[in-house]
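Colleague: Quick mapping for you: the protein sequence lines, in order, are chains X and D. For the first sequence, counting from 1, position 153 maps to 153 in the numbering used here; every step adds exactly one. Adding 178 to a residue's 1-based position in the second sequence gives its number in the numbering used here.
Just so you know, not all the hints are guaranteed correct.
[Stated by the list, open to error] Far from chain X, by Cβ distances over 10 Å, these chain D residues were calculated:
{"id": "1", "residue": "Arg180"}
{"id": "2", "residue": "Leu217"}
{"id": "3", "residue": "Asp219"}
{"id": "4", "residue": "Ser229"}
{"id": "5", "residue": "Asn252"}
{"id": "6", "residue": "Gly256"}
{"id": "7", "residue": "Gln263"}
{"id": "8", "residue": "Pro265"}
{"id": "9", "residue": "Thr291"}
{"id": "10", "residue": "Ser333"}
{"id": "11", "residue": "Lys349"}
{"id": "12", "residue": "Val354"}
{"id": "13", "residue": "Lys357"}
{"id": "14", "residue": "Val361"}
[Unchecked claim] Among the chain X residues that face chain D by a calculated CB cut under 7 Å, a handful are:
{"id": "15", "residue": "Leu17"}
{"id": "16", "residue": "Asp56"}
{"id": "17", "residue": "Ser115"}
What the hints contain is simulated information worked out from the structure, not anything from laboratory work. Note that the Cβ used here is the ideal one computed from N, Cα and C, for glycine as well.
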Amino acid sequence: MNRAIIPLIMLFVGAGLGLLSAQYMMENVTVASPVEGSGWKEIRAGQQNLSSTYLDGHFLRRGQLPPLKGSRYFVRTSDDDGNSLRGDCLVSIEAIYPQARWWFVSSSAGSARTSLDVSKAVRETTGETTVSLSVAPAPGNWLAPPFAGGYELQLVLLGTTDDPTSIPKLPRVKRLWC
Amino acid sequence: MRRQFFWLVTSFVLALIVHVSFVLFVPSRSLSAAIDQALGDNRNKGFSVLSQEAQVKLIPFASTDNIVGICKFNVAKGSVKVTAQLPEGFWTFAVYTIRGEQVYAINDTQADTNSFSVELSRDGGLLSKIFGSSDDAINVAGDDLGWRIAMTEDSGLAVLWMAVADPLLRKEAEDVIKKTRCVEVNG
Numbered sequence: 001m002n003r004a005i006i007p008l009i010m011l012f013v014g015a016g017l018g019l020l021s022a023q024y025m026m027e028n029v030t031v032a033s034p035v036e037g038s039g040w041k042e043i044r045a046g047q048q049n050l051s052s053t054y055l056d057g058h059f060l061r062r063g064q065l066p067p068l069k070g071s072r073y074f075v076r077t078s079d080d081d082g083n084s085l086r087g088d089c090l091v092s093i094e095a096i097y098p099q100a101r102w103w104f105v106s107s108s109a110g111s112a113r114t115s116l117d118v119s120k121a122v123r124e125t126t127g128e129t130t131v132s133l134s135v136a137p138a139p140g141n142w143l144a145p146p147f148a149g150g151y152e153l154q155l156v157l158l159g160t161t162d163d164p165t166s167i168p169k170l171p172r173v174k175r176l177w178c
Numbered sequence: 179m180r181r182q183f184f185w186l187v188t189s190f191v192l193a194l195i196v197h198v199s200f201v202l203f204v205p206s207r208s209l210s211a212a213i214d215q216a217l218g219d220n221r222n223k224g225f226s227v228l229s230q231e232a233q234v235k236l237i238p239f240a241s242t243d244n245i246v247g248i249c250k251f252n253v254a255k256g257s258v259k260v261t262a263q264l265p266e267g268f269w270t271f272a273v274y275t276i277r278g279e280q281v282y283a284i285n286d287t288q289a290d291t292n293s294f295s296v297e298l299s300r301d302g303g304l305l306s307k308i309f310g311s312s313d314d315a316i317n318v319a320g321d322d323l324g325w326r327i328a329m330t331e332d333s334g335l336a337v338l339w340m341a342v343a344d345p346l347l348r349k350e351a352e353d354v355i356k357k358t359r360c361v362e363v364n365g
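Isolated chain D (complex conformation) (with noise of 0.2 Å):
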């Protein structure tokens, strides 16, 4: 009896560590490929526009007549800047964790310009390496060119999303935006 007790509190642990495992692992391994597929052979190249096919895929709420732009970063050895150039309309700045998680946001009427730099660099707190609280990703310092987001985990992707309002005007918004760069920061 107390045999089977065992075995059926060893296969409840197996199973809560099975649950855990796939739940924080599987889907960033998901997300990961599928940006990595994305951005096809611009992999290391920083910022790049996708093709319209990639963005559908995605982004949930993205349709082919909309310009998306992402950049795959890691501050593990250092802080990444996106600075970003984007035409006159309605767009979105998103940074997001490799696991999903959305760690800052703004669009045009928050940012009030369309020039904008923001620096990305890993959030070194203890309390947040233990508990991985994105509520310290927030907007840190700032100054009149742009942020600085603290990240509580190393991997990342910054996303730009812009809806279109004439689709003839997408190629002239997709030249602007294309000028966005994402660079390593040493130091």
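With the rest of the complex left out, here is chain X (with noise of 0.2 Å):
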């Protein structure tokens, strides 16, 4: 009896772990670099290398695309202080980065998403942009959570000035109040 049993345990316990390293290796190893001092990391799309799989399956097996080449791609899910970002909480997001041509921010929880772009933004006389993210409404740019708990930040830049190698100036992230 255990002679039949063990190679079925050993063959099971293999189709498992397969599938759970796949599932692991598209979640976790493809977010990218943490971005030093800021709370941002990056997400390198477009590059022609082994993680570049799984970096692709992490949005593929979401129904997304991956991100253009040439995009900049930032996620986070705490604020500056390491505080994890809340839909009850007023987090504002600050100096968003003025020279891209375009930018997209967008806070996710699951599959629900909210955005916020340049097209709809006010601009501060420094050409720079703020948002607030509050389950509340806030005056001024302000970008409402899918839900009153976590959830994560993107910030996507296109057609950014600099060179593409180098890490532009990335937005503030504070929690104002809880």
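Join the two chains into one complex using the hints; note that each chain is given alone, in its own frame.
Modeller: Okay, structure coming up:
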């Protein structure tokens, strides 16, 4: 009896490990390099290496296309002080990069997503933009997270004038109250 | 002992096969299903401008104010020609394989025109077939009107994304983009 069960268990474990490791790699390994001193992480699109397969898979399995080559794609789940981003708190994204031809900020939780882009945002006299994130309406540029709970913040820059290998000036993310 | 070692190795090999199969096939099937869902009844109409809800789901950097048009194509039986018409503004045209690999992209400043054509055909190179590298899928020939792109896979997706500076002008811009065609070319 044992002679038959052990191989079956081994095969089952092997298949399970293969499946779980694939899902883990696509979920975690692809979220690329942290941007030093900013709290943002950059997902580098369009690279031709092994990790790009997992990176593409990260988006594809959600039914999404990977980011465009040449775009800069940043994500984070905490503010500058390390607090988790939560919809029931008022969070301010300050000094959004004004040199990109187009930028896009979104908050997502699961498949739900809300967003704001440069076409709807009001700029300050300095050319920079500040966006408030909270479930309750806030004055100025306001973005409501999908839920009162935790969310991920994304920043996408397209048509940046900087060298694509350099890190652009990224906005600060501050919790104002909770 | 030898028997246990055999099953341990077999288990490891199976894990590897499942891992690679999942990474290679499951995400592309999810994307294909998402594209079909986004296209809805327009699945066989060539180029289609997506609804605002569908574009937000499919493109991770798209907002409801953008305009996104897509064409799901297959170059197994012949070339496909995309003839794009765009209004003035910031736009990007990109070509992806059905595995999500971006093989080509151009924007308004690079193209320096708002009307162009792109011919998509299958790359017949043996090395490309073996290795599936997108390095060969670049602009291999060009003329005044457009570009020719060699695809490393049969199925793919052409995507037109446009940022609309003023939401009031969205309808006008959409009408221009709707003139874009994506048709099979015989031969």
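Colleague: Would you mind marking each hint as holding or not holding in the structure?
Modeller: Against the structure, the hints come out as follows:
1. Arg180: 13 Å, holds
2. Leu217: 13 Å, holds
3. Asp219: Given that every Cβ of chain X is farther than 10 Å from that of D/Asp219, nearest at about 18 Å, it holds.
4. Ser229: 15 Å, holds
5. Asn252: 18 Å, holds
6. Gly256: 25 Å, holds
7. Gln263: 21 Å, holds
8. Pro265: 14 Å, holds
9. Thr291: 17 Å, holds
10. Ser333: 13 Å, holds
11. Lys349: 15 Å, holds
12. Val354: 17 Å, holds
13. Lys357: D/Lys357 is indeed farther than 10 Å from all Cβ atoms of chain X, at 23 Å.
14. Val361: 22 Å, holds
15. Leu17: 4 Å, holds
16. Asp56: The hint holds - X/Asp56 has a Cβ within 7 Å of chain D, the shortest such distance being about 4 Å.
17. Ser115: Holds. Min distance 5 Å.
When the structure is compared with the earlier hints, no violation turns up for any of them.
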